[in-house]
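Asker: Just so you know, the protein sequences line up as chains A and B, in that order.
For the first sequence, position 30 (counting from the first letter as 1) is numbered 30 according to this note's numbering, and the numbering increases by one without interruption.
For the second sequence, position 89 (counting from the first letter as 1) is numbered 1089 according to this note's numbering, and the numbering increases by one without interruption.
You may find that some hints are simply not true.
[To be verified] Derived list of chain B stretches under chain A, where covered just means 3 residues or more per stretch with a C-beta under 8 Å from a C-beta of chain A:
hint, stretch
1, 1005-1016
2, 1023-1035
3, 1041-1049
4, 1058-1071
5, 1145-1156
[Stated by the list, open to error] List of simulated lysine to any residue pairs, SDA-like, C-alpha gap at most 25 Å:
hint, chain 1, residue 1, chain 2, residue 2
6, A, K99, B, A1091
7, B, K1163, A, E72
8, A, K87, B, K1163
9, A, K87, B, L1069
10, B, K1163, A, R85
11, A, K87, B, I1159
12, A, K87, B, M1155
13, A, K87, A, V35
14, A, K99, B, W1087
15, B, K1163, A, L98
16, A, K87, B, F1070
17, A, K87, A, E72
18, A, K99, B, M1089
19, A, K87, B, L1161
20, B, K1163, A, S88
21, A, K99, A, A78
22, B, K1163, A, V75
23, B, K1163, A, A71
24, A, K87, A, K99
25, B, K1163, A, Q96
26, A, K87, B, A1154
By construction, these hints were calculated from the structure, which means they are not laboratory data.
Note that the Cβ used here is the ideal one computed from N, Cα and C, for glycine as well.
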Amino acid sequence: MIPLSYYLVLSGIVFLTGVVGVLLRRNIIIILLSVELMLNATNINFVAFSQYFHDVAGQVFVFFALTVAAAEVAVGLAIIIALYRAKSTINIDEFQLLKW
Amino acid sequence: MEQMFFFYFAFVIAAASVLVVAVRNPIYSALALLVMFFHVAGLYVTLHAEFLAAVQIIVYAGAILVLYLFVVMLLNLRQDDRYHRQWPMAAAVGVTLVIEAVILTSMKGRTTPVVATGTETTVGGTGNSQAIGDVLYSTYLFPFEVASLILLVAMIGAIILAKKDIGEREA
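Make the full structure from the sequences, and use the hints.
Answerer: If you want it as structure tokens, here you go:
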């Protein structure tokens, strides 16, 4: 039986990678992919806890996280396409409409 | 044997997620994410969440990733400016987070260990899918309906956001 902490460390590594990707990259598509990484890290946590506490509720919550991920991808990619039409770039340094 | 599977999946998941962030070409990045999704599904199987493993492959690898690849190819990117201008700040935040994570994980001996007995994760003698369905359509019925509403709103929003230009041209 693998200890629960192993899963937590794994999901922590994946989550940190996602955070670093969001902070570091300037391609907006890669930023959205990094958000997917973070959502998957939380899903690994949910499933591991659900297994170790013998409660199916954790797996149901993964469903809702999945729904949110699908909605996020659809809206996010639509926004990217609209931004690309307006600015002809997906470099986030170019999007400074709201910068003061 | 179980440990071997876990370490294989864990290593590939970690390596693929690092590749997603580090690779220059967005298409390779998306393909690394595909590898990662498949191995997360494998990890779910070792955790006795077979239904979620199938859903992970169908929804993530089948739908979400294809959407990403469509958009990457649609936009036809040429410039490959890699990192953000504020990367020293990002590196400082990242290093702090890593140190924090190391400290927290090294403290794990002091917390109360989780008692893990037996291997069955499902309620009663039923299968994994049936157990999830039982809980999803009774206890979590209202969040389930809210989730369907979220998907509807996302669908309408995506169509409106992506079609905006055409509507303006016609008007």
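Asker: Now tell me, hint by hint, if it's right for this structure.
Answerer: Status of each hint after checking the structure:
1. 1005-1016: holds (count 4)
2. 1023-1035: With 4 residues closer than 8 Å to chain A, the stretch 1023-1035 of chain B meets the three-residue bar; holds.
3. 1041-1049: holds (count 5)
4. 1058-1071: Check passed, 7 qualifying residues.
5. 1145-1156: Three-residue rule met by the stretch 1145-1156 of chain B, so holds; n is 6.
6. A:K99 - B:A1091: holds, 22 Å
7. B:K1163 - A:E72: Answer holds: K1163 (chain B) to E72 (chain A) is near 18 Å, not above 25 Å.
8. A:K87 - B:K1163: holds, 16 Å
9. A:K87 - B:L1069: Given pair K87 (chain A), L1069 (chain B) holds - Cα atoms ~21 Å apart, limit 25 Å.
10. B:K1163 - A:R85: holds, 11 Å
11. A:K87 - B:I1159: holds, 20 Å
12. A:K87 - B:M1155: Holds, at roughly 24 Å.
13. A:K87 - A:V35: The given pair, whose Cα atoms are some 23 Å apart, holds under the 25 Å limit.
14. A:K99 - B:W1087: holds, 18 Å
15. B:K1163 - A:L98: Between K1163 (chain B) and L98 (chain A) the Cα gap is close to 23 Å, so the pair holds against 25 Å.
16. A:K87 - B:F1070: Satisfied, since the Cα-Cα distance of roughly 19 Å is no more than 25 Å.
17. A:K87 - A:E72: holds, 22 Å
18. A:K99 - B:M1089: Status holds; Cα separation ~18 Å.
19. A:K87 - B:L1161: holds, 15 Å
20. B:K1163 - A:S88: Holds. K1163 (chain B) to S88 (chain A) sits at ~16 Å (cutoff 25 Å).
21. A:K99 - A:A78: Holds. K99 (chain A) to A78 (chain A) sits at ~22 Å (cutoff 25 Å).
22. B:K1163 - A:V75: Roughly 12 Å separates the two Cα atoms, so the pair holds.
23. B:K1163 - A:A71: It holds: about 17 Å lies between the C-alpha atoms, which stays within 25 Å.
24. A:K87 - A:K99: Holds - the C-alpha atoms of K99 (chain A) and K87 (chain A) are around 16 Å apart, at most 25 Å.
25. B:K1163 - A:Q96: holds, 23 Å
26. A:K87 - B:A1154: With Cα atoms ~23 Å apart, K87 (chain A) and A1154 (chain B) stay inside 25 Å; holds.
Comparing the model with each numbered hint stated earlier shows that all of them hold.
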